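Starting from the known structure of chain C, fit chain W onto it as the hints suggest.
In order, the protein sequences belong to chains C and W.
Our numbering numbers the first residue of the first sequence as 58 and each following residue consecutively.
Our numbering numbers the first residue of the second sequence as 9 and each following residue consecutively.
Hints may be right or wrong, so weigh each one.
[Stated by the list, open to error] Keeping only pairs whose Cα atoms sit at most 27 angstroms apart, straight-line, the calculated BS3-like set for lysine-lysine is:
id : chain 1 : residue 1 : chain 2 : residue 2
1  : C       : Lys127    : W       : Lys79
2  : W       : Lys140    : C       : Lys118
3  : W       : Lys177    : C       : Lys121
4  : C       : Lys194    : C       : Lys80
5  : W       : Lys27     : C       : Lys119
6  : W       : Lys177    : C       : Lys127
7  : C       : Lys121    : W       : Lys19
Since the hints were derived computationally from the structure, they do not count as laboratory data.
Just so you know, these numbers come straight off a predicted model, no measurement behind them.
Residues per chain are reported as follows:
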Amino acid sequence: MNTTAQKNELIFGYSSGNLGEAKSLFTSMYLYLNSIAAKKVSIFDNMLAQNFNELEGINPKKIKYTDCIKSSDSIDKNKNTSNNPLNRLIGDINNIDWKTVYKGFKEFKIPLSDNDSVKLIKMDPGTSVPLHSHNGKEYILVLDGSFCDEYGEYNKGDMQINDQQIKHNPTANNSNGCICLSITENDVVFFGKFGSALNLFTFIKSFFK
Amino acid sequence: MENAQIIDLVKKVAKERNKIAFSEIFDFIAPKINAYYLKNNLSIDQAEELTQEVLSTIWLKAELFNPEKSKFITWSFTIARNKKIDFYRKNKKNDINEEDIRDFLYENNKSDDYEIESTIKNITQELDENQKKLIKMSFFEQKSHKNIAAELEIPLGTVKSRIRATLNKMQKYLL
Numbered sequence: 058m059n060t061t062a063q064k065n066e067l068i069f070g071y072s073s074g075n076l077g078e079a080k081s082l083f084t085s086m087y088l089y090l091n092s093i094a095a096k097k098v099s100i101f102d103n104m105l106a107q108n109f110n111e112l113e114g115i116n117p118k119k120i121k122y123t124d125c126i127k128s129s130d131s132i133d134k135n136k137n138t139s140n141n142p143l144n145r146l147i148g149d150i151n152n153i154d155w156k157t158v159y160k161g162f163k164e165f166k167i168p169l170s171d172n173d174s175v176k177l178i179k180m181d182p183g184t185s186v187p188l189h190s191h192n193g194k195e196y197i198l199v200l201d202g203s204f205c206d207e208y209g210e211y212n213k214g215d216m217q218i219n220d221q222q223i224k225h226n227p228t229a230n231n232s233n234g235c236i237c238l239s240i241t242e243n244d245v246v247f248f249g250k251f252g253s254a255l256n257l258f259t260f261i262k263s264f265f266k
Numbered sequence: 009m010e011n012a013q014i015i016d017l018v019k020k021v022a023k024e025r026n027k028i029a030f031s032e033i034f035d036f037i038a039p040k041i042n043a044y045y046l047k048n049n050l051s052i053d054q055a056e057e058l059t060q061e062v063l064s065t066i067w068l069k070a071e072l073f074n075p076e077k078s079k080f081i082t083w084s085f086t087i088a089r090n091k092k093i094d095f096y097r098k099n100k101k102n103d104i105n106e107e108d109i110r111d112f113l114y115e116n117n118k119s120d121d122y123e124i125e126s127t128i129k130n131i132t133q134e135l136d137e138n139q140k141k142l143i144k145m146s147f148f149e150q151k152s153h154k155n156i157a158a159e160l161e162i163p164l165g166t167v168k169s170r171i172r173a174t175l176n177k178m179q180k181y182l183l
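Bound-form chain C, shown alone (with noise of 0.2 angstroms):
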């Protein structure tokens, strides 16, 4: 699977501003973290703006310039702007109430109103997953600390993406543990000894939604 690809589909609907709130909130944290996907946008953002350049102009026929004229009075002078999009919606990622799935693994589900849904999750020193697929794609972006799965390691603004072919045992590193942002499109698919029960509790879980 071309993962580039598919993350770069992310950063181009970012700049295009056709994604979701979900991947918009998302990819917002990515482009945050990773100074190389910031660029990439940049980059795409340049290109859009080349076709905007290019644009015959259509004159607006009930403006004029001065009815553009605001006071800067009407600038939000409370407006949060310096704390990263994440922290605007849900406040300090230290405060927030974590729930916990299972010992050593907790989440936090991100109120939005999307079909697609967001959560964080807290993985302690070395908790693992079991192995699993996804029916539908997970996106995974490291918020602090790191995992490591059969795929590689993934640090801080690292992101990966999970479909049905890919079957992984994530675990948090020794030291610091891993805080994630995902999305899931759909519930993941449990394997091994514990597996049916696994999917049995997520199929269960899925009427409370």
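What follows is chain W alone, placed relative to chain C:
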């Protein structure tokens, strides 16, 4: 209008709140912004309303524009696009102010215009006219793959595979 000339005008707005300079910026950019919204299927009224908002933002946030990070045309295009995103989300429960987030990322972005410019030059040379047209229709005019297929009279699958191939072709310059 040349970028250097526009940069001077924007500086005058940022530093002196110069209305004459702003009127020149308006004459240059407002018709493009209006045309962009009309291309993106907004009604005449909606297009003008959003154009006014973009120009107000340019007036109010002129000091945020950083010529070392981007051309003026790119900066104003991103403002126009952000207003469009927020416009489409306005009817929903508004969880995120996209414009604020994108302002924040612009200020934090460390890429410089010179480096970006040379990458774009390489990409532009690599892509043929049809590929540029596809990128424009899909990402700039935000036409659905289905509409692109109908307009260009080619099968839907071909549209999808050509867009993907074009993005892949760009990839080697994006590292």
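So, going through the hints one by one against the coordinates:
| no. | hint | verdict |
| --- | --- | --- |
| 1 | C:Lys127 with W:Lys79 | holds, 24 angstroms |
| 2 | W:Lys140 with C:Lys118 | violated, 31 angstroms |
| 3 | W:Lys177 with C:Lys121 | violated, 43 angstroms |
| 4 | C:Lys194 with C:Lys80 | holds, 12 angstroms |
| 5 | W:Lys27 with C:Lys119 | holds, 19 angstroms |
| 6 | W:Lys177 with C:Lys127 | violated, 44 angstroms |
| 7 | C:Lys121 with W:Lys19 | holds, 21 angstroms |
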